[in-house]
Amino acid sequence: MQILQSIILGLPQGALYGLMAFGIALIFRTVSVMNFSHGHAGMIGAFIAFTVYTQVNNIFIAIIAAIISAFIIGVLIEKFLMRPVKHLSHGAMLIITLGLLMIFEGLSVLIWGTDYQILPGIYNGMPLIMNLGENILVMPANDIAVTIIALIVSVVLAFFLKYTKIGTAIRARSQDEVGASVVGININVVDSIVWGIGIALSALVAILIAPKEYVNPNMMVNMQLYGFTAGVLGGFSSLFGAIFGGIILGILEKIVGVYISPDYQMSIILILIIIMLVVKPSGLFGKSTEGRV
Amino acid sequence: MLKIEDLSVNYGYVKAVKNISFEIKSGEIVSILGANGSGKTSTLFGVMNIVKSKGTITFRDQNISTLSTDKRVKKGLILCPENRRVFKDLSVEENLKMGSFSRGNYKEGLDMVYSLFSKLKDRRKQLSGSLSGGEQQMLAVGRALMSSPEVLMLDEPSLGLAPVIVDEIFEVLKQLREKKVSILLVEQNALKSLKISDRAYILETGKIVHSGKAKDMLNDEKVKKAYLGI
Numbered sequence: 032m033q034i035l036q037s038i039i040l041g042l043p044q045g046a047l048y049g050l051m052a053f054g055i056a057l058i059f060r061t062v063s064v065m066n067f068s069h070g071h072a073g074m075i076g077a078f079i080a081f082t083v084y085t086q087v088n089n090i091f092i093a094i095i096a097a098i099i100s101a102f103i104i105g106v107l108i109e110k111f112l113m114r115p116v117k118h119l120s121h122g123a124m125l126i127i128t129l130g131l132l133m134i135f136e137g138l139s140v141l142i143w144g145t146d147y148q149i150l151p152g153i154y155n156g157m158p159l160i161m162n163l164g165e166n167i168l169v170m171p172a173n174d175i176a177v178t179i180i181a182l183i184v185s186v187v188l189a190f191f192l193k194y195t196k197i198g199t200a201i202r203a204r205s206q207d208e209v210g211a212s213v214v215g216i217n218i219n220v221v222d223s224i225v226w227g228i229g230i231a232l233s234a235l236v237a238i239l240i241a242p243k244e245y246v247n248p249n250m251m252v253n254m255q256l257y258g259f260t261a262g263v264l265g266g267f268s269s270l271f272g273a274i275f276g277g278i279i280l281g282i283l284e285k286i287v288g289v290y291i292s293p294d295y296q297m298s299i300i301l302i303l304i305i306i307m308l309v310v311k312p313s314g315l316f317g318k319s320t321e322g323r324v
Numbered sequence: 032m033l034k035i036e037d038l039s040v041n042y043g044y045v046k047a048v049k050n051i052s053f054e055i056k057s058g059e060i061v062s063i064l065g066a067n068g069s070g071k072t073s074t075l076f077g078v079m080n081i082v083k084s085k086g087t088i089t090f091r092d093q094n095i096s097t098l099s100t101d102k103r104v105k106k107g108l109i110l111c112p113e114n115r116r117v118f119k120d121l122s123v124e125e126n127l128k129m130g131s132f133s134r135g136n137y138k139e140g141l142d143m144v145y146s147l148f149s150k151l152k153d154r155r156k157q158l159s160g161s162l163s164g165g166e167q168q169m170l171a172v173g174r175a176l177m178s179s180p181e182v183l184m185l186d187e188p189s190l191g192l193a194p195v196i197v198d199e200i201f202e203v204l205k206q207l208r209e210k211k212v213s214i215l216l217v218e219q220n221a222l223k224s225l226k227i228s229d230r231a232y233i234l235e236t237g238k239i240v241h242s243g244k245a246k247d248m249l250n251d252e253k254v255k256k257a258y259l260g261i
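If you read the protein sequences in the order shown, they are chains A and B.
All you need for my numbering is the position in the first sequence, starting with 1, plus 31.
All you need for my numbering is the position in the second sequence, starting with 1, plus 31.
No lab work stands behind these hints: they were computed from the structure.
Glycine included, every Cβ here is placed at the ideal spot set by N, Cα and C.
There may be inaccurate statements among the hints.
Here are the in silico distance ranges between beta carbons for each label pair [unchecked claim]:
#1 D92/B with K110/A: 31 to 39 Å
#2 L190/B with P115/A: 52 to 60 Å
#3 V195/B with N253/A: 56 to 64 Å
#4 L168/A with K138/B: 50 to 58 Å
#5 G137/A with Y44/B: 44 to 52 Å
#6 N67/B with L107/A: 37 to 45 Å
#7 D120/B with G137/A: 37 to 45 Å
#8 L190/B with G137/A: 48 to 56 Å
#9 A193/B with I183/A: 32 to 40 Å
#10 D153/B with I302/A: 45 to 53 Å
#11 P115/A with Y137/B: 31 to 39 Å
#12 Q219/B with G137/A: 54 to 62 Å
#13 L107/A with Y44/B: 32 to 40 Å
#14 G43/B with G137/A: 30 to 38 Å
Work out the full structure: start from the sequences and follow the hints.
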């Protein structure tokens, strides 16, 4: 029954990897840039949540404020950093995101310092206790809340992209920029929205893992790495592949931890990615590869 | 209706379009003819502001030179771009819906497009990437029509298509003229486009080298030999 236990314990973590990958893949598909500063931008969001929380002492107001701020950060990144180099080269955009990574890290140290700050969980009720034959599985209430939030956000985003006019416009723009221009879609507005959503998702992930990792400048380094990995696993060409990739990754991580050793969690997963890239570079759910850098 | 003066398009140091001027009157079909690389697509991209351009563009007596692409679309300048440029992972119907993104009535447009291209109706739930080249071209034209164009610009609508389908698309253009839509047609298929056009311009290395009535061009042996290869 240990395997079932791993699956259940892996879900909350996997759902967060999935959300992270979703944001990275959304930005990658739409504006074709790998955002290396994705995690750190989310970390800034978590610090904003922390600051607001110390003022108002209400976690929900803190979360909403942080997500709105993160959305604005995303829009500003697009408007002032990405737009001027949009048609020059993907390389330039990539380097800018690397620069942003360092800027966010430096800024957070300057403003908030390097201390580990505490942000409370969303829901601190009774843990869920499951009786699995001989084993007893204890799942913290906050983990359940995190999984549910991650699932709801994924479903809402899926509906948004599939059925709303602006969501369809985002997909259209990611498939053909000229085609989108000639039907009257404002490319710059769509790109801003995509950056906003992406960074807001990263901030949400950062806030949701804050009870475990504490709020600190390096809190999202692993998330960034796992987010990429989940994206590669599921396939960057499919947004839902990214979410499933994340969930699979979370579960695999736990299984490796239980059956092999927690020390090898990261390395085995990274080896898996190399195998994935060799065997099926488009990912588990991906379609044929596109020539993007 | 649409008047272009001194339009230039540069890509870095390469001058693709050099100070050309032309106009389209209401309800006219005007052709821009020319070989590969003569600047036809760049001209249309300049008119739509998809690439940066210099010059004055006047639409319905209003200077629109400073407007962004989406604002020009809103005014009714609709381009059906070269190579179809349909959204391959969107269904046929979603593609058409995007056609009415900023202009046009979705329901009315859909009825009109389906009545013009009945094949699209049969395939409306299919991903457009799975359509044949001809069907994708119909979809591209259909998507442009969804925006209820005032001036419809078509870039190589016959590219790579079977003659039957080309005839079908040209038939649709004739029907559109009757509905008072102005059409700017960019084509390599000179003979075919001259036959349905009122006037034509011939582009060579970014300059207009000849212009006049389409009928006169069809009868002018010199023009036919020198520029049209007929």
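Verification of the hints:
1. For D92/B and K110/A, the hinted distance range of 31 to 39 Å is satisfied, since their beta carbons lie about 34 Å from each other.
2. The hinted range of 52 to 60 Å is not satisfied by L190/B and P115/A, whose Cβ atoms lie roughly 34 Å apart.
3. For V195/B and N253/A, the Cβ-Cβ distance of about 59 Å falls inside the hinted range of 56 to 64 Å, so the restraint holds.
4. The given range of 50 to 58 Å is respected by L168/A and K138/B, whose C-beta atoms sit roughly 54 Å from each other.
5. A C-beta distance of roughly 39 Å is found between G137/A and Y44/B, which places it outside the suggested range of 44 to 52 Å.
6. A hinted range of 37 to 45 Å holds for the C-beta pair N67/B and L107/A, which are about 42 Å apart.
7. Distance hint check: the CB atoms of D120/B and G137/A are about 39 Å apart, consistent with the given range 37 to 45 Å.
8. Taking the beta carbon of each, L190/B and G137/A are about 52 Å apart, inside 48 to 56 Å as hinted.
9. Checked against the given bound of 32 to 40 Å, the beta carbons of A193/B and I183/A, roughly 50 Å apart, lie outside it.
10. Checked against the hint of 45 to 53 Å, the pair D153/B and I302/A passes, with Cβ atoms roughly 49 Å apart.
11. For P115/A and Y137/B, the Cβ-Cβ distance of about 35 Å falls inside the hinted range of 31 to 39 Å, so the restraint holds.
12. A hinted range of 54 to 62 Å for the beta carbons of Q219/B and G137/A is consistent with their spacing of about 56 Å.
13. Against the hinted window of 32 to 40 Å, the Cβ-Cβ separation of L107/A and Y44/B comes to about 34 Å, which satisfies the hint.
14. Restraint check, G43/B to G137/A: a C-beta distance of roughly 36 Å satisfies the suggested window 30 to 38 Å.
This entry does not satisfy hints 2, 5, 9, going by the numbered hints stated previously.
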